[in-house]
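> Next come the chains, spelled out residue by residue.
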Amino acid sequence: MSYYIAVATSDGEIIDTHFGHASSFLILEVDDLGNYEEIEDREVRPACGGGECHACAGSLMNEIAESLKDVDFVLCARSGPHAEEALRRYGIALLDVMMPISRAVPKIHKFRQRYRRNVVI
Amino acid sequence: MAECIEQSRVACALGGIYTALAIDGVLPVTHTGPGCLAQASDILGRVNGGQAPVPFEESVVPCTDFCNTDVVFGGGEHLRTVIEKTIQYYDAKLIIAVDGCTAEIVGDDIEEVAESFEGSRIPVISAKLPGFVGNNLFGHSQILKSIVNQYLEPTGEVNPLQVNVFGIVPFYDTFWQGTLEKLEELLEAIGLEPNIIYGHGHGIENVKKIPSAGFNLVLSPWIDLDIAKLLEQKYKTPYLQFDNVPIGPTETTRFIRKLVEYAGLDQVRAESYIKKSEDRYYYYISRHQAFVYACKYVPKDFYFIGSAAAAVSVTRFMVNDVGSVPLRIYITDNVPKERQEDVRKSLYDVELEEKDYEVIFTEDGGLAAADLRKEHEDRSVVFGSNWDLLTARSIGSAFVPVCAPYGQTLIGSKNYFGYEGGVALFSDYYAEIVTNPQVAFIG
Numbered sequence: 001m002s003y004y005i006a007v008a009t010s011d012g013e014i015i016d017t018h019f020g021h022a023s024s025f026l027i028l029e030v031d032d033l034g035n036y037e038e039i040e041d042r043e044v045r046p047a048c049g050g051g052e053c054h055a056c057a058g059s060l061m062n063e064i065a066e067s068l069k070d071v072d073f074v075l076c077a078r079s080g081p082h083a084e085e086a087l088r089r090y091g092i093a094l095l096d097v098m099m100p101i102s103r104a105v106p107k108i109h110k111f112r113q114r115y116r117r118n119v120v121i
Numbered sequence: 122m123a124e125c126i127e128q129s130r131v132a133c134a135l136g137g138i139y140t141a142l143a144i145d146g147v148l149p150v151t152h153t154g155p156g157c158l159a160q161a162s163d164i165l166g167r168v169n170g171g172q173a174p175v176p177f178e179e180s181v182v183p184c185t186d187f188c189n190t191d192v193v194f195g196g197g198e199h200l201r202t203v204i205e206k207t208i209q210y211y212d213a214k215l216i217i218a219v220d221g222c223t224a225e226i227v228g229d230d231i232e233e234v235a236e237s238f239e240g241s242r243i244p245v246i247s248a249k250l251p252g253f254v255g256n257n258l259f260g261h262s263q264i265l266k267s268i269v270n271q272y273l274e275p276t277g278e279v280n281p282l283q284v285n286v287f288g289i290v291p292f293y294d295t296f297w298q299g300t301l302e303k304l305e306e307l308l309e310a311i312g313l314e315p316n317i318i319y320g321h322g323h324g325i326e327n328v329k330k331i332p333s334a335g336f337n338l339v340l341s342p343w344i345d346l347d348i349a350k351l352l353e354q355k356y357k358t359p360y361l362q363f364d365n366v367p368i369g370p371t372e373t374t375r376f377i378r379k380l381v382e383y384a385g386l387d388q389v390r391a392e393s394y395i396k397k398s399e400d401r402y403y404y405y406i407s408r409h410q411a412f413v414y415a416c417k418y419v420p421k422d423f424y425f426i427g428s429a430a431a432a433v434s435v436t437r438f439m440v441n442d443v444g445s446v447p448l449r450i451y452i453t454d455n456v457p458k459e460r461q462e463d464v465r466k467s468l469y470d471v472e473l474e475e476k477d478y479e480v481i482f483t484e485d486g487g488l489a490a491a492d493l494r495k496e497h498e499d500r501s502v503v504f505g506s507n508w509d510l511l512t513a514r515s516i517g518s519a520f521v522p523v524c525a526p527y528g529q530t531l532i533g534s535k536n537y538f539g540y541e542g543g544v545a546l547f548s549d550y551y552a553e554i555v556t557n558p559q560v561a562f563i564g
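Chains as they are written, first to last, in the working numbering: chain P, 1 to 121; chain W, 122 to 564.
Since the hints were made in silico from the structure, they are not lab data. Glycine included, each C-beta is placed from N, C-alpha and C at the ideal position. Any given hint could be a false lead.
Claimed, not checked - Derived lysine-lysine pairs resembling DSS-like cross-links, with alpha carbons at most 30 Å apart:
1. W:417 <-> W:303
2. W:379 <-> W:350
3. W:466 <-> W:417
4. W:417 <-> W:535
5. P:107 <-> W:249
6. P:107 <-> W:214
7. W:379 <-> P:110
8. W:266 <-> W:303
9. W:214 <-> W:535
What the hints assert, rightly or not - Across the chosen pairs, the derived CB separations fall in these ranges:
10. P:78 <-> W:156: 18 to 28 Å
11. W:205 <-> P:16: 21 to 31 Å
12. P:42 <-> W:274: 22 to 32 Å
13. W:275 <-> P:81: 26 to 36 Å
Claimed, not checked - With the Cβ distance kept under 8 Å, some of the chain W side facing chain P (calculated, not the full set):
14. 190
15. 193
16. 194
17. 241
With the sequences and hints as input, model every part of the structure.
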């Protein structure tokens, strides 16, 4: 069964955007063989809009998490504990990693195949 | 799956890093989650007599903060970066890269990472410390094995008088530092050249000298026998096992005579040392004799809950020198099944006619405490760790702490080793009996 990964990226190739700065997430659909395709560019209200922090304790983080609830993994360059906590409530794993999407997705797929039954991160 | 345990007296395998930290100049770099280090300090560090390793305190140990991302993407590169920075910023003489459960489950190759630092300013070795395999004694053994296998080099010469000391687990044996100092004095006094790797005044130079020893001395019922056997296999160094850290005149004298016979030392010198020390011991005991006789009530039996090493030491002293009888002995540090018989044999090897006490192996300290609360003699004495203080109080017993976690106090250089240690334990024991109102002043 296929699953979805959300990526915070500025150019569609490298994961380079902070979670709170992302105004949209690229949604990838990955099938059982690890092949993936971009299906959507989902827009959100950035959690840390314009350098002004108003989201950490508020509902904006939850709003983003709600809008990403169908994905299993969110990849971004950097993130904070509030983001992780908000996403965890929806069973979404938030991973900080700076690398090309084409390298990251196979690693996630490999991990998911090995530990799908055993590990919930 | 094993049952969960209560009142743990051991740390997870990562507690093994305390063995590394006890060697001056050795710095572990941990490839573990950010909270993993803290759990061991609750048993071995601060709560264990207020101890902290010197010069590298627990809080400065570099850690990769292994997180979700490392699980998915592999943490090898992350570890490599942390080691690079450690070499840059720390003045260590040896770095040991260690990993914990998570890194072992996902299969990060820390050996490969450590090997890639060959030829760097500070040598880097690796040790695997997955907590799902064993406790801190397993970790201790893993650290020593790594040092022997990856760091030691043959020295090409053997000094027949040099003796390496093993069997005392630093920090887990709360009195390790004082014990090692006194042991060093004793070994020197009878004509040996002790080579101790842990603690003050020792360090990496002593580690390098390990292969040139005439023999290895193992002072425990089973711990470190694997290391002694490994050294025997690698460097053909024979080993002598004495099954406990001797406390009091009977056991210490036996220990010295065994050493003298084994190493072919000067018997006259050793006997004169024994004579002098025993005289001194009995002088001090005599000074307290009148006081002891004036005690209104002196318990004649005791319970023990704690590590196998401390159990043997304390039981021998209490039976052979003080004349008390053990009622039940709980061994809480998960002695391997094949070693349990040896420990049992050591615990029954005392000068007592009716040895009708029980020895119970359980890792669950809570179970031992519950057992004790259910069935016990009144006004007895409990030897154990800080966990057992309240148990002892609730069953109206006196309490003497002898093993980890020792409690929120400052241990200083306190130890119960040898003749002087006998005096110290004797006085601590009677001081507790006469000041503990539950035992002392009734009836």
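> Could you work out which earlier hints the structure fails to respect and list their numbers in ascending sequence?
1, 3, 6, 7, 12, 13 and 17
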